[in-house]
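**Student:** Sequence lines, in order, name chains A and B.
First residue of the first sequence: 1, per our numbering; consecutive thereafter.
First residue of the second sequence: 1, per our numbering; consecutive thereafter.
Fair warning: there could be bad hints in the mix.
Unchecked claim - 25 Å max Cα-Cα, derived DSS-like pairs, lysine-lysine:
1. 656(A) x 81(B)
2. 19(B) x 660(A)
3. 121(B) x 1022(A)
4. 207(B) x 656(A)
5. 656(A) x 114(B)
6. 129(B) x 1022(A)
7. 654(A) x 121(B)
8. 187(B) x 212(B)
9. 654(A) x 99(A)
10. 19(B) x 656(A)
11. 654(A) x 120(B)
12. 1022(A) x 7(B)
13. 207(B) x 7(B)
14. 280(A) x 99(A)
Please keep in mind that the hints were generated in silico from the structure rather than gathered at the bench.
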Amino acid sequence: MKQTIDTYLDDTETMDIQVLSTLGITQEDVEALENIEGVEKVIPAYSQDVIIQTTDKEYVAKVQSIEEANKVELVEGRMLENANECVIDTEYLENENHKIGDTIFIDAEDCLNTQELTIVGTINSPLYLTRTKGTSKLGAGTIHYIIYVPKEAFNLEVYTEAYIIAEQAKEISFFDKEYEEKIEHVKDEIEKISEERKDLRYEEVIGEANEKLQEAENTLAEEKQKAEEEIQNAEKELEDGRRELEEGEQELNQNEQNAEREFQNAESLIEQAEAELTQKETELNQGKQAIIDQYGSIDNALTTLQANQAQIEAGIQQLNQSKTEYEGKIEKTEQLISSLQQQEQTPEIIEQIQQLQFALAGYTEAVTTINNMITEQNTNLSAVKSGIEQIQVLLAGETQIAEGRQELENQKSELETTKRQTRNQIAEARAEIEEGKKEIEEGQKELEEGKKEADEKIAEAEKEIQNAKDEIAEIEEPEWYILDRDTNMGIASFKQDTDRIAKIGEVFPIVFFIVAALISLTSMTRMVEEQREKIGTLKALGYPKGEIALKYIIYAFSATVIGGIIGLVVGFYTIPRIIYDMYRMMYTTPELIIEFNLIYTFVGLGLAVACTCLATAYASYKELKEMPATLMRPKSPKLGKRVILEKIPFIWNKLKFTQKVTVRNIFRYKKRFLMTIIGIFGCTSMIIAGFGLKDSISSMIPSQYGKIFQYTMRTDMKEGEDASQFISTLAEKEEVLDSIAVNMQSIEITKGEKTEEPQLIIPKEVDRLSEFIKLKERNKDEIFLLEEDNIFITEKMARLLDVKEGDEVILKDADNNEVKAKVSHVVENYLMHYVYMSPETYEKLFGKTVDYNVVLSKTVEFSEEQEEEFAKDILDHNTNVSGVTFTSSTTTLYDDVMNNLSYVVGVLIVSAGLLAFVVLYNLSNVNISERIRELASIKVLGFYDGEVYRYVSRETIILTIIGILLGCLGGYLLNMYLIQTCELNETMFDTTVKLASYLYGIAITVFFTIIVNIFTYFALKKINMIEALKSVE
Amino acid sequence: MAYIEFKNVVKEYTMGEVKIRALNETNFQIEKGELVVIVGPSGAGKTSALNMLGGMDTVTSGEIIIDGKHIEKYSPKQLTKYRREDIGFVFQFYNLVQNLTAIENVELATEICKNPLDPKKVLEQVGLKDRMKNFPAQLSGGEQQRVAIARAIAKNPKLLLCDEPTGALDYNTGKQILKLLQDTCRKNNITVIIITHNGAIAPTADKVIHFKNGMAYDIVKNENPIPIENIEW
């Protein structure tokens, strides 16, 4: 695996060192780097973290320029040809329902020339071997995807980083110490020039920034002045307009008043006239009424009056005639009187005169009466006349009134018309004025707005300038990060993981090797011993010792070599492939390069050969030492010895006879005793470790997402969106049982030299957190509440950082605010690292308010499709949501890992079982053949088959039990060791091995033991007493 | 009827493709409580006969009747039971369990018997009172053989079978062993059958069976056996 990855890294020209500068890398920097000794090539490059927008989600991606270093490996599609194309890591298409040819929108105007990129292919990058791509200050802090674009797609002024290929580094495996030293040396060199380069760059940047700032300030001043002038002009104009309008309004009001007054006058005149008219009418009507009362009707009155008039006139005429008659008679009388007076006055004449005078007086009276009558009549006449006249006047008056009324009406309507017209005019004028006013108001508003805008702009510009100033002030001396491959997440963790495998690879071979060595030792010894007689004969015939020994050594050698070759094939091809395939689930690494490692071959084979041959040689030598005659005779059985236990009478005496025998036998055959125990121990412990490993790993996810994380759905809010409102939306869904808002952010936690990057979780409602995340210590029930000033960190991280309760750590948020805090509890956790604190604590520590960007919910049980549907529904209806994830998806992902693991566990169990079988079988064989005489003897004594079997196997059983018990302990320890070496940094496996695993381990061992014992039983049954005892002769 | 009866017993071994007839129609009878010596050259079938008598081997054909029982018809298990209860074996090379002390070796046998004798007494009887707690390796050949005999006797068997009990011993020791066997036979009234090359000891037996070519060609009954002390060879 190491070879594979080293070759891969060399082939892809993966950088040996990466130089990152906070202020970018200039061409001069590149040249300076090139001049460093030990540097073969310097490849400047761009990279930028961006937000990409997919159909329903936002992701953080890292855009990198494609360079001749860190060559990417095309998986699908083609490589880049144009500046608006990109290639993306394979995971993207897997996850995002996109295909090659689709475009991807990148929100990064300031660094990329084009925002829309066409995906033309998928790639694997040597820099990103894992699915984890590192962290970013953007978004939720995790980089999801890697996008490669041509260099031309970037519009940055300076390079962001430089890749360095060290001279002759390719020839060395980067797993070697030599590589490390070489790179370290180059890094030191870079460190040396970095100071100078940093200063230069700093000054350059500051200078540029200041220049720009100056320019900006000037522009701002100009713009400010201009804006002010404009505003003043506009204000003046507006003022003029306002004044005009006011004047107009005043005039209008005046006119209106005048017109109104006139109208009132005219109206009152009309009213007066009307009143008069009405009075007249009333009078007329009264007259009329009087006449009507008198005469019935006007016409009657007129007719009567005219008739009266005519009558009266006729009377007057008559009277005038009478008068004239009387006046004639008065004349004649007077004449006669005068005439008579002249004549003697005779008494007759006097009498006549007297008579005449009397008549005259009569006449005169009559005239007077007539005159009176005439006068009377004239009066009457004139009365009648005046009545007529009166009537006529009445009639005329009526007409007049009607006329007058008509006229009045005319006048009225005229007035109304005039009034209306005038009023309309006024209204129009007023509307105009209003409009004018509005216009002015609008103008004012516009002006205000303009002003505000201008102010804002100015403020903004000022702020920007201030920011720029601050920034300039903040521009720190640039930092050069000189990173090597070990700081690359993927490569480093691959390296770590291979080291882990190597560690496992150190343990298992040792166990196997010890057992194998023991097995071959006993087998070979036995073989030689069995052939004792033959050896004796050969020796007696005069063969030299060496030659005889060689025969066995060659036999052992060839057996070992054949076995070894088979072992090598399996060792080199099968097992690494299984393990590597498992690793490829987590790493995007190339096909395994199977390297026939000569060293391993020779070491492995050599050790095996040495072991068996030495054992054989030793056994042969032991035999050959003796005289042929002795050899011809059977080997004298091993001497009986007392065991320590016998010196403790109160135990020994309590043992039954058979038990004593067993105890003594156990102590007698120490080698066998050891081997049995080691074999069984190895078998049991490996099986337990295997199952335990599976337990630990498989319980990790259920533990994490069942016991600790009780929520089933996680919703991420978009940048800057608050979760509180969304929670109420969720609460309406009947599928969602309960929700809690939390803040999640990446944070750095440091203790001493060690730093980890956990997620910080701040629940909004501290007391409800336990419904979603159980914070407790492992194997304990007490659930902790996040009280003020409490900071909880997760167990694995605590271990990695070597932090205990009460220790002080340094927390650093994404904005590089560093605070010190005391860890109050270490809580159970299996996957990833977390830090928990309450909002109050956060505010107190960081002085910032918490924005809740994630909602954790408990939902009803969903099928996979239902989950997808539900997630889509949420995303469609809530624009403030950036993503919905169900914990079950994580569970599914790990199921695959589990399956692979089962494979490894299977291999482990099978090999362990075989080991136990081989060991036990071999031992029982040795046991039987070594003790065949003894066994035959007891058979002769009349031991039943079962008794014989028990006689022999009691020891084996006891040893097996001891082995199993030790194996349980060993399994526990081995499991711990394996887990701690296998464990990825961000996972913690539960080291508690389930009881079931122990039982499995024991059961499997017992199973193999039983099988072996069945073999033993039949082998014992087959012992031919006669043959066994006769062989003596 | 005799206590032990061998009737036309044939035993054939198959060695590869060759059949070897170890016993060829052997017939003999032994009475209860007799001390029988079987003599004959190597390969005459003495041991085969003894093995079959002891239930360690089966016949090819013929009948072996012991105390009225046809042991040739016994199953392996019955044979084991027979060995366990009725037979005591003494071998040339003692076949003691090296890992057990003298007394333990005896106990090993008494452990499985119905009516065993007290191991200590038996060992005392065979003259090993002081060596009881010694391991076989710490005992001389004669002493080891005595342990073996004690082991056989302690089982209180009906039949004591000895295959060359003195073969690996020197003269005096051999004599002592034979004496022991004779005494056992007489005192415990156990039927004792001894295989030996040594014809000199024949006079001490009640019955001498001569084997040759797989057959008991001569059976001599000795009316007046002499005690072992009185003979020399």
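**Student:** Please write out, lowest number first, the hints stated earlier that are contradicted by the structure.
**Tutor:** 2, 3, 4, 6, 8, 9, 10, 12, 14
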